[in-house]
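Chemist: When you get a sec, could you build the whole thing from the sequences and use the hints?
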Amino acid sequence: MAVAEVSRLTFRYPGATRPALLDASLRVEPGEVVAVLGPSGSGKSTLLRALAGLVPHFHGGRFEGRVVIAGKDTRRFRPADLAGDVATLFQDPEDQIVFGRVENEVAFGLENVGTPPDQIWPRTHAALAEAGAERLAERRTETLSAGELQRVCLASVLALEPTLLLLDEPTSQLDPQGAEQILDLACELGAAVLVSEQRPALPLERCDRVLFVADGRIEIDATRDEALDRLPPEYLPREPRLLPETPGEGEVLCRLDDVSFAYEWQPVLESASVTLRRGEVVALTGPNGVGKTTLAKIAAGLLEPSSGSVETGGRCCYLSQDPGRYLVKDRVEDEAALAAGGDKDRARAALAGVGLAGFEDRHPRDVSSGERERLALASVLVADPDVLILDEPTRGVDPPRKAELAAQLRRDAKRRATLVVTHDLVFAGDVADRGVTLNARERAHA
Amino acid sequence: MSPVPAAAILASLSAVALIADRAWVVASIVCALFLLCLKAPRGRRRLYLVGTLGSALSVFLLSPLVSHTGTHVIWEGPKIPVVGYLDVTSEELAAAAIQALRLAAVGLAFAAYALLLDLDRLLQSAGFARRSVLAAGLATRLVPTLERDAAGFVEALRGRGVQVEGARGRARLLSPLLAGSLERALNLAEAMEARGFGRAGRTRAPSPPWTRLDRIALAAAALLVVGAIWL
Chain A
2 MAVAEVSRLT FRYPGATRPA LLDASLRVEP GEVVAVLGPS GSGKSTLLRA LAGLVPHFHG
62 GRFEGRVVIA GKDTRRFRPA DLAGDVATLF QDPEDQIVFG RVENEVAFGL ENVGTPPDQI
122 WPRTHAALAE AGAERLAERR TETLSAGELQ RVCLASVLAL EPTLLLLDEP TSQLDPQGAE
182 QILDLACELG AAVLVSEQRP ALPLERCDRV LFVADGRIEI DATRDEALDR LPPEYLPREP
242 RLLPETPGEG EVLCRLDDVS FAYEWQPVLE SASVTLRRGE VVALTGPNGV GKTTLAKIAA
302 GLLEPSSGSV ETGGRCCYLS QDPGRYLVKD RVEDEAALAA GGDKDRARAA LAGVGLAGFE
362 DRHPRDVSSG ERERLALASV LVADPDVLIL DEPTRGVDPP RKAELAAQLR RDAKRRATLV
422 VTHDLVFAGD VADRGVTLNA RERAHA
Chain B
257 MSPVPAAAIL ASLSAVALIA DRAWVVASIV CALFLLCLKA PRGRRRLYLV GTLGSALSVF
317 LLSPLVSHTG THVIWEGPKI PVVGYLDVTS EELAAAAIQA LRLAAVGLAF AAYALLLDLD
377 RLLQSAGFAR RSVLAAGLAT RLVPTLERDA AGFVEALRGR GVQVEGARGR ARLLSPLLAG
437 SLERALNLAE AMEARGFGRA GRTRAPSPPW TRLDRIALAA AALLVVGAIW L
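Heads up: the protein sequence lines correspond to chains A and B, in order.
Heads up: the first sequence begins at 2 in my numbering, then just goes up one per residue.
Heads up: the second sequence begins at 257 in my numbering, then just goes up one per residue.
Because the hints were derived from the structure by calculation, they are not lab data.
The reader is advised that the hints may include incorrect statements.
What the hints assert, rightly or not - In the EDC-like style, the derived pairs of lysine to aspartate or glutamate whose C-alpha atoms are separated by at most 20 Å in a straight line are:
| no. | chain 1 | residue 1 | chain 2 | residue 2 |
| --- | --- | --- | --- | --- |
| 1 | A | K415 | A | E250 |
| 2 | A | K330 | B | D343 |
| 3 | A | K330 | A | D346 |
| 4 | A | K345 | A | D362 |
| 5 | A | K345 | A | E405 |
| 6 | A | K330 | B | D405 |
| 7 | A | K330 | B | E411 |
| 8 | A | K415 | A | E252 |
| 9 | A | K330 | B | E439 |
| 10 | A | K73 | A | E139 |
| 11 | A | K330 | A | E305 |
| 12 | A | K415 | A | D367 |
| 13 | A | K330 | A | D344 |
| 14 | A | K330 | A | D362 |
| 15 | B | K295 | A | E139 |
| 16 | B | K295 | A | E143 |
| 17 | A | K73 | A | E143 |
| 18 | A | K73 | A | E30 |
Modeler: Right under this line is the structure:
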């Protein structure tokens, strides 16, 4: 029997003008690993939510067709009733955490599905061990890094021993090594796995089958090898371009010399040095928790280093890795105009530059996640800074848009010094002139 | 110590502070709770301590100006429409001091509860109204989340070269903060439903048994309240 069967599913969110999914059909066999690829807003997340029963029960909307999970029709069974057969790992771990202590968080799902009490703690600790998070069992969830939190969330779904595991961009906040570990763990579970990702190489290396979703339709449903011949070129895996470390020759606009920083006496950055020159794009890479964001914030003047010196020339702007921080105003145009002293003409030009022309009167919270990311970028670019610092600008961004972003940054590179903090090594290779790698307990000099 | 007797001790200290009319008793409770709160990490405790002590100080400073009791005037102020004379008497000061201390004691007890207790285990111990207790636990965690969100908004604005200054500037962030909280709450509700929350037939992970210290603490909490009423 198939683990999941979707028959002619068409779904429209409440108030939406067009369906998020259109006549989608698929069948998932036990143990199958399926990569779900496609542009932002194409319907990938909606498909996963339909498989979890969250569509239509949680979101409402108009639902036609049929979804059956482990023999249960999702029209008759609520998501809570499907929990255990199906488990979902969402993109943002912070939005999934219910409890303050790790082991209680993992035990939560087991309690909900009625696991016998004497099995709850053994299964909790086994799942934590499987997810490589056993040492975190007693920790407070608010003290964990993004990578650690995502491992805890993975342990929470592994503990349920589901037959269908749904992963909705689960590695967007993780470094390449952490992302590979999470996907390897999920794929070795033995359950059927559907994984949606915006770094396609990761699932394509592990999957048996590929779904490509565009405009709500499943355009490709093929084995991995067949799909590699049919996927758009931006989605095909490729090796990142190796970046030189030799600095350029332009005017120095930002110099960090031997800077260190500690949060609450916990050192996160030790003796790092970076120089940014006009005309060059520098990619800052390194594992999670090594201090990349801290270094970027020091360069942007948002943090004072505990030691070392910072020299900056000209206006410096910083793009946070969370686009949700750029939702202060009630209109998209007003949001973009904030950094331009309210200049609406410059705001409109910046919005057009990121493909958001026509969005001026929309509320920033009413746009999709991909559009929010572009709004955040426009909100920073509108200032036309001399030093531009972008922290994980490709988080949750689809491959075609990444290519556009890289082209846009390259186009404006001559005018400024640009620092891009990223885990996406392919994007780093596409956008940067040189690379700086920050490693734990090592000094970065570049 | 288990969280239930610990919470009972904190609740009894709050009750004693509200019942007792001797300033030294309330002041002792405030000092003890303040020292207890200092055990929490600096970053987490700041908001609670500043909020509690700031509120208590406000009560101490403003209360004598709006109350009209006592005969020993130590400062004669102007007459303000509606409020009347802003005289301050020694009796008003003494009353204001004890009210401020009571407020500080209750605030610090809540701070210790939020900062130091294992709220998850407290939830697990609740044999009834688990949904309400879970909601209370999530609401308690909302405070540091809101603080982090507010800091994130300010940082993103500064990153765009926009300074957020003064109470008015910060007040403008209230609306996006509220909208962000609602969005986060929806995401969390979705994740909870996907993990089976609300399904019939849930079970409970076994809690560790109470120790002798836990029983003594619970008895002490009860005795404290009875003692405060009796004295």
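Chemist: Work down the list of hints and note, for each, if the structure agrees.
Modeler: To see whether the hints hold, each was checked on the structure:
1. A:K415 / A:E250: Holds. K415 of chain A to E250 of chain A sits at ~12 Å (cutoff 20 Å).
2. A:K330 / B:D343: 46 Å, violated
3. A:K330 / A:D346: 17 Å, holds
4. A:K345 / A:D362: 12 Å, holds
5. A:K345 / A:E405: 24 Å, violated
6. A:K330 / B:D405: Measuring from Cα to Cα gives roughly 15 Å; hence the hint holds.
7. A:K330 / B:E411: 15 Å, holds
8. A:K415 / A:E252: Holds, because 11 Å separates the two Cα atoms, which is no more than 20 Å.
9. A:K330 / B:E439: 16 Å, holds
10. A:K73 / A:E139: Violated, because 36 Å separates the two Cα atoms, which is more than 20 Å.
11. A:K330 / A:E305: 28 Å, violated
12. A:K415 / A:D367: 34 Å, violated
13. A:K330 / A:D344: 14 Å, holds
14. A:K330 / A:D362: 11 Å, holds
15. B:K295 / A:E139: Answer holds: K295 of chain B to E139 of chain A is near 18 Å, not above 20 Å.
16. B:K295 / A:E143: 17 Å, holds
17. A:K73 / A:E143: 36 Å, violated
18. A:K73 / A:E30: Holds, at about 15 Å.
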